[in-house]
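Trainee: One letter stands for each residue in the lines below.
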Amino acid sequence: MKNKIMTAQEAVAPIRDGATIMVGGFMACGTPEILIDALVEKGVKNLTIICNDAGVPGRGVGKLLTNGQIKTLIASHVGLNPEVAQRMNTDVPEDKLECILVPQGTLAERIRAGGTGLGGFLTPTGVGTIVAEGKQVINIDGRDYLLEKPLKADVALIRGSVTDKFGNTTYNGTTRNFNPMMATAADYVIVGACEIVEIGEIDPNNVVTSGIFVDAIVGGEKPWQI
Amino acid sequence: MADMRDPKEIIASRVAKELKDGDVVNLGIGLPTMVANFLPEDVHIILQSENGIMGMGPAAEKGKEDVDIVNAGAQYVTVNPGAMFFDSSTSFGIIRGGHVDATVLGSLEVDCHGNIANWIVPGKMVPGMGGAMDLVVGAKKVIVAMQHTNKGAHKILDECTLPYTAVNVVDMIVTEMGVMEVTKDGIMLTEIHPDYTVEQVQEATGTKLIISPDLKPMQ
Chain A
1 MKNKIMTAQE
11 AVAPIRDGAT
21 IMVGGFMACG
31 TPEILIDALV
41 EKGVKNLTII
51 CNDAGVPGRG
61 VGKLLTNGQI
71 KTLIASHVGL
81 NPEVAQRMNT
91 DVPEDKLECI
101 LVPQGTLAER
111 IRAGGTGLGG
121 FLTPTGVGTI
131 VAEGKQVINI
141 DGRDYLLEKP
151 LKADVALIRG
161 SVTDKFGNTT
171 YNGTTRNFNP
181 MMATAADYVI
191 VGACEIVEIG
201 EIDPNNVVTS
211 GIFVDAIVGG
221 EKPWQI
Chain B
1 MADMRDPKEI
11 IASRVAKELK
21 DGDVVNLGIG
31 LPTMVANFLP
41 EDVHIILQSE
51 NGIMGMGPAA
61 EKGKEDVDIV
71 NAGAQYVTVN
81 PGAMFFDSST
91 SFGIIRGGHV
101 DATVLGSLEV
111 DCHGNIANWI
121 VPGKMVPGMG
131 GAMDLVVGAK
141 KVIVAMQHTN
151 KGAHKILDEC
161 TLPYTAVNVV
171 DMIVTEMGVM
181 EVTKDGIMLT
191 EIHPDYTVEQ
201 VQEATGTKLI
211 ISPDLKPMQ
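If you're matching them up, the sequences are chains A and B in order. If you read the first sequence in my numbering, its first letter stands for residue 1, the second for the next number, and so on. If you read the second sequence in my numbering, its first letter stands for residue 1, the second for the next number, and so on.
It should be emphasised that the hints constitute simulated quantities derived from the structure, not laboratory data. As the structure is a prediction and not an experimental result, all values here were calculated from the model. No residue lacks a Cβ here, since even glycine has one placed at the ideal position from N, Cα and C. Just so you know, not all the hints are guaranteed correct.
To be verified - Facing chain B, according to a computed beta carbon distance under 8 Å, are these residues of chain A, among others:
#1 Cys29
#2 Met88
#3 Gln104
#4 Gly105
#5 Arg112
#6 Gly126
#7 Asn172
#8 Thr174
#9 Trp224
#10 Ile226
Unchecked claim - Rough simulated footprint, nothing fancy, chain A against chain B, three-plus residues with beta-carbon under 8 Å:
#11 51 to 60
#12 63 to 70
#13 153 to 166
What the hints assert, rightly or not - Sample of chain B residues lacking proximity to chain A, with all beta carbon distances greater than 10 Å (derived):
#14 Pro7
#15 Lys141
#16 Gly206
One chain only, chain A, in its complex shape:
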């Protein structure tokens, strides 16, 4: 079987300027910091980042933002990273950030739809609000729903708690969040793993993400230090 284990630098080597990248994590809990660091080091620019939030300065996708690598951010909440507002409002064109806000449940489901072959889904969330602008409203049995379309990406950066050499992955606690859906919705999937084990060591009952979705595995992801 193809060896998927590599260094962070090797894993991010195929990522080009202008790529669309999904990043797992919720306020950076469940974000693979070693992969973010490798992207910062590589310095690719004009990225479209799809992530629940903007992390915080110095953690998660916040590092890519500080380094001026994000052109467009698709997220549900950016209020805990003050740099987002600064970059949205800046007059310096090359620093300007486009921020597209999506309700959290809709964001999760759009990614799930992208990874599971659905052409979209109908949700009551956002009906009657500015989120509905430009979207088709469909009435089913007397209730209005918005047609929301799938999201896909070139790359997904996933954080695994335990990953075997095939890529089968488990997630501890609340690090799971967007990771399992993102792993299914991108062309190239990298797992930053806290622990890498032999194939067969993870009980199949506990595998959340199958190794079939994983292209590259990078070890050395550390628990966050408070």
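Chain A is fixed; fit chain B onto it per the hints.
Mentor: Structure of chain B alone, referenced to chain A:
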């Protein structure tokens, strides 16, 4: 004698009385989180945290944090026996699917149609809606827990002036001045804090209140 408690405590302790034993509840960040501290001993609720917990426990003690377990405000928390972790798609399936009995959240504005606006002040503050749009649409009961005014400026209005989080979803508003229910005819004051008169509550409110014929002192 005047109530010397912090207004947030008055609000949180009153909201706690709305929750029933066994309810699945999502509490927003800030004041709503305080509600859990005021539950009667015989009322055990199951807290849902939209980042992926059913059965969330209290905040983690300093030095005992598990860095992989946070709440939706990124604070380190514990989980209770019987808890479950899940992904965000499952979490919002639970929320939109009507499996959350009550959501308690703060707001910038609420209006007499039950519309709520709490995620954006255009040009000033753009934090994003996070999970709020899904929660208010999906939860069986939507309780807004907030101070009655913003330093005197009305927050309970005829029509929201800020962009909506959702329309026609709010069931109940609890403030330090009283308890209000959203009815098809407008907002009805059902309980009033003994420190205030009906006239004072009306003056602090930007829509004509319906006074319940059964108006009670705030519990």
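Trainee: Confirm or reject each hint.
Mentor: Verification of the hints:
Hint on Cys29/A holds. Least Cβ distance to chain B is approximately 5 Å, under the 8 Å limit. Checking Met88/A against chain B by beta carbon gives a least distance of about 7 Å; that is within 8 Å, so the hint holds. About 4 Å separates the beta-carbon of Gln104/A from the nearest beta-carbon of chain B, less than 8 Å, and the hint is met. A distance limit of 8 Å between C-beta atoms decides the matter here; for Gly105/A the minimum to chain B is near 3 Å, and the interface restraint holds.
For the restraint placing Arg112/A at the interface with chain B, the shortest Cβ-Cβ distance is roughly 5 Å, inside the 8 Å limit, so the hint holds. A hinted interface residue such as Gly126/A counts as satisfied when its beta carbon comes closer than 8 Å to some beta carbon of chain B; here the least separation is about 6 Å, so the hint holds. The closest approach between the C-beta of Asn172/A and any C-beta of chain B is roughly 4 Å, which is under the 8 Å cut-off, so the hint is satisfied. Taking 8 Å as the C-beta contact cut-off toward chain B, the hint placing Thr174/A at the interface holds, the least distance being around 5 Å.
Hint on Trp224/A holds. Least Cβ distance to chain B is approximately 5 Å, under the 8 Å limit. With 8 Å as the threshold, the beta carbon of Ile226/A comes within range of chain B, its nearest partner Cβ sitting at about 6 Å, so the hint holds. Coverage of a stretch by a chain is defined here by at least three residues with a beta carbon nearer than 8 Å to that chain's beta carbons; for the stretch 51 to 60 of chain B and chain A the count is 3, and the condition holds. Under the rule that three or more residues need a Cβ within less than 8 Å of chain A, the assignment of the stretch 63 to 70 of chain B holds, with 6 such residues.
Three residues within the 8 Å Cβ limit are the bar, and the stretch 153 to 166 of chain B against chain A gives 4, so the coverage statement holds. The claim that Pro7/B is not at the interface with chain A holds, since no C-beta of that chain comes within 10 Å of its own (minimum 23 Å). With a least beta-carbon separation of about 16 Å from chain A, Lys141/B lies farther than 10 Å from that chain, consistent with its non-interface assignment. Every Cβ of chain A is farther than 10 Å from the Cβ of Gly206/B; the closest lies at roughly 20 Å, confirming the non-interface assignment.
Checked against the numbered hints above, the structure violates none of them.
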